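S.K.: Given the coordinates of chain A, work out where chain B should sit on it, guided by the hints.
Quick note, the sequences are listed as chains A and B, same order. Position 175 of the first sequence, counting from 1, maps to 181 under the working numbering, and the rest follow consecutively. Position 126 of the second sequence, counting from 1, maps to 132 under the working numbering, and the rest follow consecutively.
No wet-lab data here; the hints were simulated from the structure. Quick caveat: nothing in here was measured; it's all calculated off a predicted structure. Honestly, I wouldn't trust all of these hints.
[What the hints assert, rightly or not] Residues from chain A that keep clear of chain B, each with C-beta distances beyond 12 Å, as calculated:
#1 90
#2 105
#3 143
#4 155
[Stated by the list, open to error] Taking lysine-lysine and the PhoX-like style, the derived pairs with C-alpha atoms no more than 20 Å apart in a straight line are:
#5 B/130 with A/130
#6 B/80 with A/80
#7 B/130 with A/165
#8 A/130 with B/165
#9 B/130 with B/23
#10 A/23 with A/80
#11 B/165 with B/80
#12 A/23 with A/130
#13 B/80 with A/130
[Claimed, not checked] A few chain A residues facing chain B, derived, Cβ under 10 Å:
#14 9
#15 12
#16 29
#17 129
#18 181
The beta-carbon is built from N, C-alpha and C at its ideal position, and this holds for glycine as well.
2 protein chains.
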Amino acid sequence: MSEPIGRVDGTRIWQNKFLDAQLDRVRYPDGTIGEQVLIHHPGAAAIVPFLNDPAGDDPQVLMIHQYRYATGGKLWEIPAGRLEPGEAPLVCAHRELLEETGCTAAAITPLTTMWTTPGFTDEKIHIFLATGLTRGESRPEADEFIEVVALPLAEVLRKVESGEISDAKTIIGILYAAGFRT
Amino acid sequence: MSEPIGRVDGTRIWQNKFLDAQLDRVRYPDGTIGEQVLIHHPGAAAIVPFLNDPAGDDPQVLMIHQYRYATGGKLWEIPAGRLEPGEAPLVCAHRELLEETGCTAAAITPLTTMWTTPGFTDEKIHIFLATGLTRGESRPEADEFIEVVALPLAEVLRKVESGEISDAKTIIGILYAAGFRT
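Chain A with its partners taken away, still in its complex shape (with noise of 0.2 Å):
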């Protein structure tokens, strides 16, 4: 009988609010054992919100300008954030939205999910449109440097193909929020 892949065992390397960083040993599908780090997330959730309705003649996204300390300036974001303990990622979109940019959304349906970069990390990303918003006043937390900016779709999308945007939930949530279909 052959034992089961993955986890065999390991050692916390660090560990604060945000991160937790693990050292595993890990049983690899053709049955050796190899070493690798894994940086233990709990998943976040990102809001495409729209303003008006996103199938209709001009619509507008709530896109977040956020400085980044890891690329050193400022990216275009949609609204996003990791998930609370125990909290559902759509209690999560519709808590974020709010702290990020003020608004309540009437419906937050999902779009798809991703994983961010699965070499290193477990993070996944739940992605959701946002529609029927009431605007008011967010409140960001203190390590957070955002601007709420309201920007037409086809200028976002412009920013997508220019490579002006360059996040990749932010890229994913939008093409997917703009309608990709095969």
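M.R.: Quick look at chain B alone, frame taken from chain A:
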């Protein structure tokens, strides 16, 4: 005169052959100081390899079906790998295509670049289109368990739409290669 934003100082948490985790003190745009964990990554190249004319009838893409410990199973991906020290992304693209699929390409051209998850890593993936392939034997690394599979682009797009393809670089590479245009 205001101080520049970004890294003030930091310490290395942990490092191995693949990952370099740093805990940095950072000056934010409002002048306040905070702490950020940064998983430093050298960057990567990913390739969408076409076996025939991407604009012709029934284009075929060479895909990778790969065990990923972080996800607990196999993912459909495009060939990809990290940059060697000093290596240009285009050189890396040729090398990874050869290592993972055994193919050489007559032409490799850039599609876009993307940040995988800028909240905690500076990993940036350069995505390319490869055409004019000559097939040979793949030479995966010891911890890579990959199957190389040729699939019709139409089927790959269906897998993107259904969510069966859920790896960020793969979704983005396929949608750009399939001719996403605004």
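S.K.: For each hint, tell me whether it holds in the structure or not.
M.R.: Status of the hints after comparison with the structure:
no. : hint             : in the structure
1   : 90               : holds (15 Å)
2   : 105              : holds (15 Å)
3   : 143              : holds (18 Å)
4   : 155              : holds (16 Å)
5   : B/130 with A/130 : holds (17 Å)
6   : B/80 with A/80   : violated (34 Å)
7   : B/130 with A/165 : holds (17 Å)
8   : A/130 with B/165 : holds (17 Å)
9   : B/130 with B/23  : holds (18 Å)
10  : A/23 with A/80   : violated (23 Å)
11  : B/165 with B/80  : holds (14 Å)
12  : A/23 with A/130  : holds (18 Å)
13  : B/80 with A/130  : holds (15 Å)
14  : 9                : violated (15 Å)
15  : 12               : holds (6 Å)
16  : 29               : holds (8 Å)
17  : 129              : holds (6 Å)
18  : 181              : holds (6 Å)
Comparing the model with each earlier hint shows violations of hints 6, 10 and 14; every other hint is respected.
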